[in-house]
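Protein chains in written order, with the working numbering: chain F, 1 to 286; chain H, 1 to 286; chain G, 1 to 286; chain X, 1 to 286.
Keep in mind the hints are simulated off the structure, nothing from the lab. Honestly, I wouldn't trust all of these hints.
You can't tell identical chains apart in this list, so a pair holds if it fits in one copy or across any two.
As the list claims (entries may be wrong) - The calculated SDA-like cross-link candidates involving lysine to any residue, where the alpha carbons are at most 25 Å apart (straight line), are: (1) 25 <-> 276; (2) 207 <-> 186; (3) 64 <-> 266; (4) 25 <-> 279.
Protein chains: 4
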Amino acid sequence: MSDVAESEATRSPEDWWSTAIIEMKPGMIRYRGYAVEDLIGRVSFAEMVYLMTRGELPHPEAAKLLEAALVAAVDHGPQAPSIAAARMAITCGVGINNAMASAINMLGDVHGGAGEQCVALYNAVAARIGDGPADERRLAEAVAAEIAALAQRGIRHVPGFGHRFHPRDPRAPRLLELVDRAAAAGAVSGRFALIGRAVEARLAADKGRPIPMNIDGATGVVFAELGFPPPLCRGLFVLSRSVGALAHAFEELLSGERNKGPIPRQLIWTYTGPPARELPRDRAGG
Amino acid sequence: MSDVAESEATRSPEDWWSTAIIEMKPGMIRYRGYAVEDLIGRVSFAEMVYLMTRGELPHPEAAKLLEAALVAAVDHGPQAPSIAAARMAITCGVGINNAMASAINMLGDVHGGAGEQCVALYNAVAARIGDGPADERRLAEAVAAEIAALAQRGIRHVPGFGHRFHPRDPRAPRLLELVDRAAAAGAVSGRFALIGRAVEARLAADKGRPIPMNIDGATGVVFAELGFPPPLCRGLFVLSRSVGALAHAFEELLSGERNKGPIPRQLIWTYTGPPARELPRDRAGG
Amino acid sequence: MSDVAESEATRSPEDWWSTAIIEMKPGMIRYRGYAVEDLIGRVSFAEMVYLMTRGELPHPEAAKLLEAALVAAVDHGPQAPSIAAARMAITCGVGINNAMASAINMLGDVHGGAGEQCVALYNAVAARIGDGPADERRLAEAVAAEIAALAQRGIRHVPGFGHRFHPRDPRAPRLLELVDRAAAAGAVSGRFALIGRAVEARLAADKGRPIPMNIDGATGVVFAELGFPPPLCRGLFVLSRSVGALAHAFEELLSGERNKGPIPRQLIWTYTGPPARELPRDRAGG
Amino acid sequence: MSDVAESEATRSPEDWWSTAIIEMKPGMIRYRGYAVEDLIGRVSFAEMVYLMTRGELPHPEAAKLLEAALVAAVDHGPQAPSIAAARMAITCGVGINNAMASAINMLGDVHGGAGEQCVALYNAVAARIGDGPADERRLAEAVAAEIAALAQRGIRHVPGFGHRFHPRDPRAPRLLELVDRAAAAGAVSGRFALIGRAVEARLAADKGRPIPMNIDGATGVVFAELGFPPPLCRGLFVLSRSVGALAHAFEELLSGERNKGPIPRQLIWTYTGPPARELPRDRAGG
């Protein structure tokens, strides 16, 4: 709550809700200028994601990369808090939309933010090396400078690299392969694939062991090549993971389970608080 | 909270979280049996939705219909509570995932349930007419019986038909056209397009004016043709609308607005409660 | 989406948002007619809950019962999906409000609905026996009839009775004791304590073993004595459980844990889907 | 996702979910060491909030201050995104818990964070002036330094001061009066009331007009006097506002409204995107 923006007092409801995304009249719906009935059956769901968030239809090669990145992150099993939450929620008697919302609500800075943070890192490196052809030494220096900047802000784990479960994340090399192909075909610059690999190389050198690019680092390369601003990258991950949330919520719905907690019936926690005690004397009555 | 299922006490955490969706080992991720790196770049996002929720890859024509339905429902503007919620939430200082969750959490029985309810209606009609070729009279009778059954349960508005804003919903005829084409090509049965149109005809006859099929009635035809069970239909709508939620949340984020309520600064409500009054005498001190 | 209510088109934003709860002008806030500065320091938080939801301040004895019921349900440990969700969410990097929302979002019909359902049951029994002094036989018949009605609707577990963890729920007898005392003092009717005990007696007779009243059955007695309509009872449980959600979210925040899933690192699920397989030949390229 | 904490791999589920808040055995529930049946009927709901979050029961005067702060922030009408969201959600056909979660999910850094940020500010000032008796000049210098520090971080609106709707927030002076009284009685130090007023004085001097303490500034004084760490202050605001969310959700439920958007039926937004256009030629078929 703060001082009033001067403009607010004089704005109409129409201005308050202005948007460049959708235009509507009775019997007419247009997204970004295109009639909905022209889009249906002519653009893919992934292309629609691009149109809605970016304002224009993507180049077909860009659309393919976006499809690939959206496919790659749908699910990481009940180990992931998001997926566990979707399954738990459905057993609590809420709607499937509420279960999906519960999953998505967990994709915060730690669980869902690495892709966004990684694209910000790639963009920062790209800004340092400027627009010309990427000189190897300048790239290495820019990468080192940005990793150092993260460390100074207390960020030990470079977002997009290393994985606590997968020694090598099987999704990353495949996504990079597709980016390389698109770059070879001139559909994207390939600049961010270079940057991503330079980060990976630097981390290996720094730590003396591979810290391979993970799903967030690889989808980050795709999203950066496609020009998505960082906050949209979080959103794209949400769209992808929502598919897994739906599949798991539905599977759990079929199970008929009720009130599913983390593990079965047995008491699951260690109590570390004060031992049993009595209320202070002045409360003991009543 | 209820009596213990006998089985629960003896189940291991592994059994507690059993799933047929994802298999994982360090360095390996498989969805429904397919290695993730085989899927990336080879199946579309919509096909992935199908694989994850149904267990098998869709026929290419089925995939096209699913794309069309997912494209059709992405957004209905800030008029829709879901979209308004996404925009309001982002101005409250939460993450983009929280804003999307806020939107999705609103897709309840009333706002997001018509598709699901409509597929249930179509399925009930289909069950009445059985598997043989659809005889026109039997179809009409089955439709009348199911509409009557809804009315008996107090449901005045047949889900999937009529729209409070669009006299004719521009999305419906286009979706039906695609279903007809797929049916002509033998990719789907076309049975549910017939049923949907029979419901539309019956409603027009009953009310003496057209109550045209809307987006939910038309995506319902698509989903029923593709064999999606009703609760998944709600989930598919959620996936679709999530795209609009993301686009609007991001547009609002760029606006820099803070604490955006329904309309601008002016007081927006009529107070209908008791007039100003004083606390009972025994509370007046202090 | 449905036909337009005629009235909607002609309503102003002020009418759209009419409320009897709060009146506001610059520098003035009144709840249910009372100036906020008169309430602060003179009514308890529980009394404020009553005033906001019911429109009037409670009798002091009613306020005490409400306090007792709100105290009783704050927490049931990480076994409860709501509490587990609060803790998991906070490790995902969302705000403490988002973690609390994640918890509360899980208090659906199964996890949070028993109190509401139980009050509906008590009210149905009360309606059967009418307003006069409760005759023991008529009470027993009314209870039997309503339990039979639940069974006919497929409800095996009578809401508010039996517990999968506690052979006897320690919260129930204490709450009943307080209701008895308030009834003896004439502050409440005691009618619903009778009804609750009659349900308990009937279930024991039916099953041949005690199915004791649990927290939902006992808070249900309190809420019914106080005249709360069933949907508000769910809301009161939400307010109570929110306290536990906050305490657990904060404790987990201090732990510094990241991405906390159901249990530690080891793979936690059994895969039951198809064995590893290859994509159909026509997708294998790319 | 990051490197594995070494410890994680070897932790049991019991350790994974350790807590000092609740101890439970079949038939036994203890909160912070106290048996639940001892607490019920002997501590108020606000005292329970304190016990659960802080680990000990509050001093009676501290409990009164906490009650006052919890009472003060319950509702700010449908102008507030949280309250509007609760009302909109319930008309979408979700449960009352989902509607409350939708409200609470909006209490992010901007909408719900000012109290937390304000307590952090007060604590920073307190740390500067140290433990001795507060010398007026040192206090003024400490306040000026911390306001300058906020400005350097780009924070123009000092959290807890000024209000876009209320020229003077009626809740603030009343809360301060209660703190003064408790300080006079020796129940709290009164140190943070001094700091809050010093911030107010400094802002008035800087801006040449009063920027009075608002609800967040005043509850911030209460919470800081009571020693609540900043993240818990957000949580306390959530608990308070949940009461308003419940009252409004229930009132809206009774209205029977469906799919309630920001304002009634009329189109509510200005479209600012591209004019109507056709799909690129290569998509026009199909």
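Hints versus structure:
Within a single copy, residue 25 and residue 276 get their C-alpha atoms only as close as 66 Å, which misses the 25 Å cut-off; across copies the closest is 12 Å, which meets it. With identical chains, the CA atoms of residue 207 and residue 186 are never at most 25 Å apart, being 35 Å at best within one copy and 56 Å at best between copies. In the homo-oligomer, the alpha carbons of residue 64 and residue 266 never lie at most 25 Å apart, since the shortest distance is 48 Å inside one protomer and 35 Å across protomers. Only between protomers do residue 25 and residue 279 lie at most 25 Å apart by alpha-carbon distance; the minimum there is 20 Å, versus 66 Å within a single protomer.
This entry does not satisfy hints 2 and 3, going by the numbered hints stated previously.
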